[in-house]
Each structure stands twice: as C-alpha cells, then as structure tokens.
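**Q** Residue numbers (UniProt numbering), protein chains in the order written: chain A, 1 to 395; chain B, 1 to 395.
Source of the hints: derived by calculation from the structure; they are not laboratory data.
Hints may contain errors.
For identical chains, the list gives no copy identity; a pair is met inside one copy or between any two copies.
Stated by the list, open to error - Computed cross-link-like contacts, SDA-like style, restricted to lysine to any residue with a CA-CA straight-line distance of at most 20 angstroms:
#1 K112 with A183
#2 K2 with A394
#3 K2 with G98
#4 K15 with G366
#5 K112 with E364
#6 K318 with E234
#7 K211 with D287
#8 K2 with L283
#9 K211 with L200
Protein chains: 2
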Amino acid sequence: MKAYVAGVGMTRFEKPETREWQYWDMVREAGSAALADAGVAYTEVEQVPVGYCFQPSTAGQRAAYELGLTGIPVYNVNNNCATGATALMLARQLVEGGAADCVLALGFEKMKRGALGGGADGGDFSTSPVARHYGIMAARHGFEMTPPTAQIFGDAAREHMERYGTTEAQLAAVAAKNHRHSAHNPYAQFRDVYDVDDILAARMVHRPLTKLQCSPTSDGAAAAVVVSERFAAERALTGLVEIAGQAMTTDTEESFTSGSCVDVVGQPMSREAARQAYERAGLGIEDVDVVELHDCFSVNELLTYEALGMCPVGESGKLVESGATTYGGRWVVNPSGGLISKGHPLGATGLAQAAELVWQLRGEAGERQVPGARVGLAHNIGLGGAAVVTLLRAV
Amino acid sequence: MKAYVAGVGMTRFEKPETREWQYWDMVREAGSAALADAGVAYTEVEQVPVGYCFQPSTAGQRAAYELGLTGIPVYNVNNNCATGATALMLARQLVEGGAADCVLALGFEKMKRGALGGGADGGDFSTSPVARHYGIMAARHGFEMTPPTAQIFGDAAREHMERYGTTEAQLAAVAAKNHRHSAHNPYAQFRDVYDVDDILAARMVHRPLTKLQCSPTSDGAAAAVVVSERFAAERALTGLVEIAGQAMTTDTEESFTSGSCVDVVGQPMSREAARQAYERAGLGIEDVDVVELHDCFSVNELLTYEALGMCPVGESGKLVESGATTYGGRWVVNPSGGLISKGHPLGATGLAQAAELVWQLRGEAGERQVPGARVGLAHNIGLGGAAVVTLLRAV
C-alpha cells in the first residue's frame, strides 16, 4: 500500500545551549507541529520510530510521551548522521506493509559543542565504526586523530581536486550557495550570506575545508506523519506528498578496499541508494526539481551530485559553478540552506530534509519556493554507515 | 504474510571482561550460528535490525559487516532491556509486510561492570527516561539514587509483599528455580545451584532483593533469522517456528499516576502486550507450554505471572512455591535460567529468549527440554519503557 507524508514539523535548529530546552521540549514542538500540519491527533498514531544519537536509552519514549501516553510501540533508532531518514524509512515500511496506517517519525538531537570529534555518541572512539573507516585512511595518509570527520571529508576533497581538477573556489561555491539559500529560512541556525571569498577566508578546519564549509553542531527536532492511502482517504487528509521511492544502503567491500577517500565517505553507498530509489519510483534525476542533500561538508554536496547522476563523475565542481543547482538553474539543491547553514542535529536532519521538500512540493516554501516543484529528492548519509535516498512527489 | 523464525544462535553469556572479544566478535559468533541453523547464507539476508544499548552509533553496521558486506539496510535499535525483542518485532513486521523475505535480527551488549547504575548507556542520568520513573518513586519514598534499577524493583517487591502477603521466601524461590534450571544451560553465565536459604543469605542489594535475585551485568550476543512463508517454502527450510502473535506496548498515564511501584516497573505494559499478542495469535495462556520471561529481578517474574494471566493478581508468590512454573508443573518458566542466571546483556536478551524457545519447540533443548512443548511465550521488558510479548508455535 502506498505511503504518504501527511504532515511535517520542525523546530528552528539552534547552536547548542542557545535555548533552555530539554530534548523532549524540542520533540513536543516539532511533533505537535507535524500532527497539526497533518490534521491528525496523537491518539490516531499507531507506531513511533524515533531517531537520535546522543541521548540516553529510550529517550524516544521520554520524548514521545510528551505528545501522548497511548501505550503504542516506540522504536529508538540510530544510524549516525542518517538517523532521521532511518526513522522515515521504518515509518514508510510499516505503513506500506500494512502494520500501521498512521506512523509518526520523530528525530532530534541535543548536542554538545564539538560532539562530532569522537564516536558520534561520545563513546569510545577506538571501537567505534567510524574509527574503522578512519583507520583505513589514517594508515594511508598518516594524519592525526582530531577531528576525524572533517579530516576524512577534507581528504576526500583533496582527492577529488587531484583527480579532476576541482578547485577550492568550487568547493566554496557550494557553501556560498547554501548560506545564501538559508537567508530565507526561519528554521535555519545561520542566516548570514557569504560570498566565495568570505568562505575561502574563514578559519581552515582541515584543508581545503574552511569553517564555513562544515556543518555546525546543532540542537533541534523534526517530525513527519506517514499514512496509508486508506487512512488518508478515510480522513480526507489534504496536503499529501507521496513517498514515490526510497532505499537505504550500507557499505560494501569497495568502501574498505578501493583505497579511495571518496569511497570511504560513502559516494558508492549514495549512488546505489539513488539507483534503487529511482528504480522503485520509476523516476530519474531528470524528473527531479528540488533536492535536499547531505552537505555535511561542502565536498559531500559535490560527491552527491555525481552519485545522484546530476553530472558525470569529476564534473561536480563545474556544475555548482554553472548555477545549475540554485534558483534559476536545472535543480535547486538545498533550498533550506542544507546542513552547512540550516544546521545538523544528527537525528533530526533526515526528517528536516523531508519537511523542506514537503513544503516545496505543496508550494508553501515562501521566499524559498522552487517554482513548480513536483518531485523532490532527499539524501541523508552517515559514516558508519548508511545512505538513504527518498523520492517525494506532489499529489 | 506469516513470519517464521528459521534459525537462532547465541554466544554463551559471560561476565564482562571474561573473554577477550569486541562486540563484533560476539555478533559474528551468534549471527553465524543463526544463519547456519537456518541454512541461509548472509547474501540472502535483505535487512538487519540490530539491538544494543551501550556501544557507539552504528555499532550494528560494524558488527553486521563481520557477516558480510552486501550493502543491505541496517537499523540500530534500542529499547533498554527490551532491545532484543524490539529488533525481533521489526524483523517480523518487515517480513509480514512484504518489505523483505529474509531478515536477520541481531542483538548484543558489551557491558561495563555496574553499568545499570545510571542511564542505560552511561549517559546523564538526570535527563534519562528511567529517571522519570525513578523520580516519581523517589518523591514518594525518599530513597537514595544508587543503584536505581534495583531500588525501583525492590520497592515494587515490598509493595507486593505488603498488599498480598508475598514472602521473601517466595521471591527467593523464583531465583532458586532459575539458578537450578541454568545448571543445564551451556550458554548461561552462572550454572551453580542454590536453594532458597542460599538465596536469602546472599548480600542484600535493595531490600528484599539479594544479589542472587538480581540479573548480573553480562556480555553476549544472540540472533534470529526471520523469513516469510514463501521464502521458507522456496528454500525448503526445516526447523521453522511460527511467530503466531506479537505485540509491543509502552507506558500509559497509569504508569505515572497510580502511585503504585508495580505499575512504574511496567506490569500494566506487560499485561496489555500479552493481551494483544494472545488476541493476534488466537491463543491464550492455557495454550502455552514454556515461557521465557524477563526476570531482571525475582519480583518481576512474579509480576509477570500475573500480567500473563498465569494466576490472579496477588497469587504469584504461591504459584512459584507450588511448583507450577518448573519441570513437572503446568508451565516451565525460564528453562534457560532466565536473566538472573543465564545473564542479561541488554540488547541480546530478547533474542536469547527467542533462541531458547525455538530450541524447546523443536525438541532440541537437551537436558532442559520441556516435554511436548508446542507453544512458547517470550516476555521482554525495559524501563523507559517498552514491553514485548511474542508467541511462538511449533510447525
């Protein structure tokens, strides 16, 4: 049975410790907004997958109980930076399979500053899955241990530059575009506009990535109500967006043996997730109007252009420079500002992407509206690892 | 479509730091055993839910990759002590809904000694979900903060004693039975036999619970291969056990407002999960032969007898004393030794219960065999909270 997103909601993403809130406060805010947007009461929700990385065990219950105490199944799920899309993936499968007609997917994070330095949950880094990816590259490049995530992606950027002639200015152009987009997003952590020179002049985190090319640590929550065709019809719900196709992939042998940093950061996972999602939806990148993709670092937006089929491998730097991925171009990529400027509370990100696309496909995105958007693509990836690609279609 | 357990496997449960192993070593051992038991190759597995509480984000990938690098979806799930059954619940729903024909549910834990003192993942206890349950009782009883889990259950035991005349000897009889059962279980952490006097004479942890009535901290993993009817038929798989009914519940208002410690530790969740599972399976407690239930503390076995309908409320102390729940009685409860004696690696427990029941229903349980067992019931619960009841039936 077809699954639809009936409602979405999110908090503004914030620098940690900006607001006095607990994680359950942010989930109450985002979850209530999604339910109101769908026109569904919490008492109608049958199951709740909740995504987060940093909070204690069963934090999903503590948060969902703010919305109601109806005794329904709650699943706490975690897939690092792809956690939000993982909750959405479970929600869709539960609805498509007939286990439930109305599922609320929640995602949130209350992060500590600099939290991404170690294991994503602050645990022992040496036995963390990311350490395995990192170890492969450390052995090759002899680089230092802190902060590993920026190093892994910085090395992937240098590899792309060496192989294909991608420039620092092209990498900076990704960040300049996404910061510019976020100026119109009231949910974004940052709304300042920077040009390519500003981006290049910012503090270097790991060459060639400057601070303005790296997603920040963030607090925030997002939510989506996923319903069956039958439920939507019975309730005469409006504003539906179809989940036309979706796929999750994890690492393959290639990730660990090719010796390429681009493979280690997951470009092959993204490519395969996109291929499967297109196939299930009967759609291709040519059908897509608007994209929310995982620009945890500027380089990952370029790698993802290639993985999604928006350009041949090696041409992504030129693609962003051409203006093809902003307003007036072939696609608008990250109209929300992306992870770089909207912020990146790990468990919320994948659901916030879905929220932005739902607003875009309904024509409700205000100053950020992509004219005539009918098909949206969300791409959420986590080292460790998992990649999820979701195709959403206006009804 | 009906879902079946086609194969199970587990490691021996061990005191932490007994074996030199990483969490992925134990998952390789348990997962390989389950696949071999099912006669299924990892390349045939389509999705992998993995349950654990203490390891870093995406530890499930790190562990599942030991079994193969096929790029399939991996979900890391957590529901505190009910984590293992949560992985099984997702596996069943994915198979029943047609999302996959072959799902491998994994669960593991590599614990630190005394790990259950704080938030289950060692995080900030004050914002943990368990703290909320604890806070309700702390306000009522003014008790101290360490170790909360034993205090919560100890207080529930005292409440039961005061209300119904349950005795310390009856609580100890639960532990004596489960320790005795474990003598025949090569997978159990403890295999020593104790009588009621030994149990009562052991160190007091939180009155009336002595150390021999409390589940230990443990390392270990367990796994189950869940397949569709179609997959089983095509592969001519043998040794199948049907998942006849299953339900998960979480807290309701009652948990927080009744003022009863018995409600705070989840007896109402268990009762409702059992009711739903019986209804879905078209079975009742009268049809059940063998039970693996969540005896994290001796008192919880008594509370669960009542929740499952094995006796009227208040009569559970007499039930265990009557011998009705051991070999020769109406049911055999915890033939494996239960959490108290087999051990309790949080993420593995729910799947280890399923493993024991599958062996029992196939007649493969050796010296622990419950004669003629046809229907088994597993009960896995976590503060925080979630309760899962699963009915398994021999094919």
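**Q** Each of the hints needs a verdict: does it hold here or not?
**A** Results for each hint:
no., hint, in the structure
1, K112 with A183, "neither (25 angstroms within a copy, 47 angstroms between copies)"
2, K2 with A394, "within (14 angstroms within a copy, 34 angstroms between copies)"
3, K2 with G98, "both (10 angstroms within a copy, 13 angstroms between copies)"
4, K15 with G366, "neither (24 angstroms within a copy, 58 angstroms between copies)"
5, K112 with E364, "neither (33 angstroms within a copy, 50 angstroms between copies)"
6, K318 with E234, "neither (49 angstroms within a copy, 50 angstroms between copies)"
7, K211 with D287, "neither (34 angstroms within a copy, 64 angstroms between copies)"
8, K2 with L283, "within (16 angstroms within a copy, 32 angstroms between copies)"
9, K211 with L200, "within (9 angstroms within a copy, 62 angstroms between copies)"
Checked against the numbered hints listed earlier, the structure breaks hints 1, 4, 5, 6, 7; every other hint is satisfied.
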